[in-house]
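Participant: Below, each chain spelled out in residue letters.
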Amino acid sequence: MQRNLLKQISLTIILSGFAFSPAALSYFYQKNTFQQSKPAFFVKKALVSFQLEQPRQGLPVRLKIPKISIDTTLEYVGLTPEGNVDVPAGPFNAAWYELSPRPGEKGNAIITGHFGWKNGIPAIFDYLYKLRKGDKIYIEDETGTTTTFIVRESRRYAPSAGSSDVFVSNDERAHLNLITCEGIWNKTEKSYSKRLVVFADKEIK
Amino acid sequence: MKIFSKLSIIGMAFAFIFGLAGLNGVFAATTPSLGTADTFGVLSSTFTVVTSTTVNGDVGYTVAGAPTTAPTVNGTIYPEDATWTSAGLAQGTALTNLNNQPCTYTFPDTAINLSTDTTHGTVGVYAPGVYCTQATRAASIGTAGITLTGSGTFIFRINGAFTSVDGAVVTLANGASSCDVFWTPTAATTLGANNTFVGTVIDDAGITVGANTAWTGRALAYGGTVTTNTDTITRACSVSTVASSGSSRATINVVKTVINDNGGTKKVVDFPLFVNGSAVISGETNTFIAPASAFTITETNNANYTRAFSGDCDINGQLNLIPGDNRFCIVTNNDIGAPLPVLPVPPLMDLVKTANPLSLPAGPGSVTYTYTLRNIGTVPVTDITIVGDTCSPIVLVSGDTNNDKKLDLNETWVHTCQTNLTETHTNTAVATGWANGISTVDIATATVVVGTPIVPPLIHITKVPTPFTLPAGGGMVTYVKTVTNPGTVALSNVRVTDNQCSPVSYITGDANGDSKLDPSETWMYTCRVNLIQTTTNTAVATGEANGMTARDFAIASIVVGVPGLSNAGIESTSWWIIALIAIVGISFSFYIVRRKQLI
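These protein sequence lines are chains V and H, in that order. With the working numbering as the guide, the letters of the first sequence map in order to residues 45 to 249. With the working numbering as the guide, the letters of the second sequence map in order to residues 29 to 627.
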């Protein structure tokens, strides 16, 4: 009887180990990924600028949001064939929409990141919803300059709604808007039920 | 020491005295009375008319020197009578007065080209004063012409011959008047053909005028010969265009465009406009005191619309004014909101304005403006208005063939307006129309010169983009710009710029290769740009003739779709959870089986 009890305990420990090991692995993987400085891969495209009077900001290379432990490199993306802002290739990077202004330049710079990932691996913007007014976001550019943005608000949109206010502003100032998903997964459409956009303004010193 | 002090005092006294003398020596040229010669356009001993000549003023000559070809005289002819004699004496008195005025500037001891001389100051530009050549030195006006600027008297005391090349132009600016300009050569005066000349020449050594020259002033050669050839001589005073419209005034016209491509519904009137806080209306011309700096255009903000400035404004809506300016500030509002399911196609109109006549050399008179409106876009335009300054009503004469009040693609609407002008004036008109929630505007200007035979230039530009809409993310747009000359004088220094597209490349059109935009020519330009968001751009064409600059604007909108929000979510349900459940399930099954075996 004692031997059976010992077997039961051993089996439980083994199964628990099975159960928790992937989560633990992904936790450490995530932590290392977000906190290491990886060499960024740039696809520099020559974009025509209308505001020639405005000195150009360096290309963005890192995104840091201390409140939700984000410190990651930035990919550069364009549009999908459907006309949506594209997303980063993997779960751990964010992506700057390269047809938007560079973060720190006048207008709305756009950065996207995944919410959720296959195999339970955490994604970069899993906790974007935790950002509140006043939280700080940092963008480091290729010259090493860091630009600070302060969260103004968060808004939720229907997936197909779209809104030019995410991409266009009228106050001649620099903004940074972070886009990800939220809500309930729709298997048929392979899409979450909401889009979450965090609006941030460049810190005025 | 005492001696030194005394010397110092004496020296200071001399300096003071000579200083005063120096001050007294600063002389302002004055305009003498011409007495009974004032009413003459031509006063001569012999008047030779090679072919027809028009004189807007009195004409005098001796019986023996009467022209064999009769001139057209809008005045009185005095053939060697008492008036002719009196005028001759008055000419002499005026010349004495002019000769007694000290030189304010003496040119170097050489023949002087007034158009290229740099010793007197800015090349080609002369302020009021007495300009003297040295003994026996001639003076000439070259191809670049000269400009006499400022309110005052201009005396050119040429101690030799006076000539001008063909096509030379003397321009008055900033209040200068033809009645305050005097040329007093000691040898013969010979003006070239096709000159635009200004002032009173007193020259008994003889005055010869080339063919087709327009002269605002007088040819006074009581003791000599005046020879003309298909010329027009007008003795009436002409004040420079700036002065005639107010030497201390300039205008600002604020033009509003609105784009509703994201569900907005606002119109032009929903955006009250202000210049330095004073309310203005889109398209109307507003006069301000000039020179002045820091005029700021503002409007009542709408949080759901972006705003962009173009035209003569900087990106902050600010501009400066100098006297005579006619400035245009274009304010574009674009709505912010949910994109429309189908991109709206923006409309595009083209407004051409001409004036008949372009000049009223004999003075105030009637002018008829013609406004030709065309649809150069791809959609019919509705709610069309034309706002003009100083002329109303603007009447639709023809063009709306199907009477549907829409400017259809195949229609050309012609409007006219008649007014009386008493002074030189630049008339503006702003046409506004709508289609698919987006406005289209075009601006046209036309200057009519009053009191001088100077023919002002006209220029016109149209700009057609391809395509008019672009999907989200934007793309390349090609603008084709067409520049024409609706006036009667060829334009030089034609330039085309665009505030959102560079470079603007000339393609073709200068048929005779003379670098001048002739009335019969159409010059083509193109420009390509990558647009990533809805954009309204403003192209400006300028051209010069007869010392004046003509401008025209072309404004076009391109609608670019708004990107959709990223689909950045992936289902978190993962294979390892399923696998884990399966492992747990299998393990548990084995455990149960094994337990049963043990039992």
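Some clues are possibly wrong.
Computed list of lysine-lysine pairs in DSS-like fashion (alpha-carbon distance at most 30 Å, straight line) [said to hold, decoys possible]:
id, chain 1, residue 1, chain 2, residue 2
1, V, Lys-150, V, Lys-234
2, V, Lys-249, V, Lys-162
3, V, Lys-150, H, Lys-433
4, H, Lys-294, V, Lys-150
Sample of chain V residues lacking proximity to chain H, with all beta carbon distances greater than 12 Å (derived) [claimed, not checked]:
id, residue
5, Arg-106
6, Ser-144
7, Lys-150
8, Glu-186
9, Gly-188
10, Phe-211
11, Asp-215
12, Lys-231
13, Lys-234
Rather than coming from a laboratory, the hints here were simulated on the basis of the structure. No experiment lies behind these values; they were computed from the predicted model shown. Glycine residues also receive a C-beta, built at the ideal position from the N, C-alpha and C atoms.
Participant: Does each hint hold? Answer for all of them.
Facilitator: Right, here's what the structure says about each hint:
A distance of roughly 34 Å separates the Cα atoms of V:Lys-150 and V:Lys-234; the hinted pair therefore is violated under the 30 Å criterion. A hinted pair counts as satisfied when its Cα atoms are at most 30 Å apart, and V:Lys-249 with V:Lys-162 does not qualify at roughly 41 Å. Pair hint V:Lys-150 plus H:Lys-433 does not hold up; C-alpha atoms about 42 Å apart against a cutoff of 30 Å. Between H:Lys-294 and V:Lys-150 the CA atoms are separated by roughly 25 Å; this keeps the pair inside 30 Å, and the hint holds.
Every C-beta of chain H lies more than 12 Å from that of V:Arg-106, the closest at about 19 Å, which supports listing it as non-interface. Residue-level check failed: V:Ser-144 sits 8 Å from the nearest beta carbon of chain H, not beyond 12 Å. Annotated as non-interface, V:Lys-150 brings its C-beta within 12 Å of a C-beta of chain H; the closest such distance is 10 Å. At roughly 21 Å, the least C-beta separation between V:Glu-186 and chain H is larger than 12 Å, which holds for a residue marked as non-interface.
Every C-beta of chain H lies more than 12 Å from that of V:Gly-188, the closest at about 27 Å, which supports listing it as non-interface. In this structure V:Phe-211 is not separated from chain H by more than 12 Å, as the shortest Cβ-Cβ distance comes to only about 6 Å. Remark: the non-interface label on V:Asp-215 conflicts with the geometry, its nearest Cβ contact in chain H lying 9 Å away (cut-off 12 Å). The beta carbon of V:Lys-231 sits about 7 Å from the closest Cβ of chain H, which is not more than 12 Å, so the claim that it is off the interface is violated.
Remark: the non-interface label on V:Lys-234 conflicts with the geometry, its nearest Cβ contact in chain H lying 8 Å away (cut-off 12 Å).
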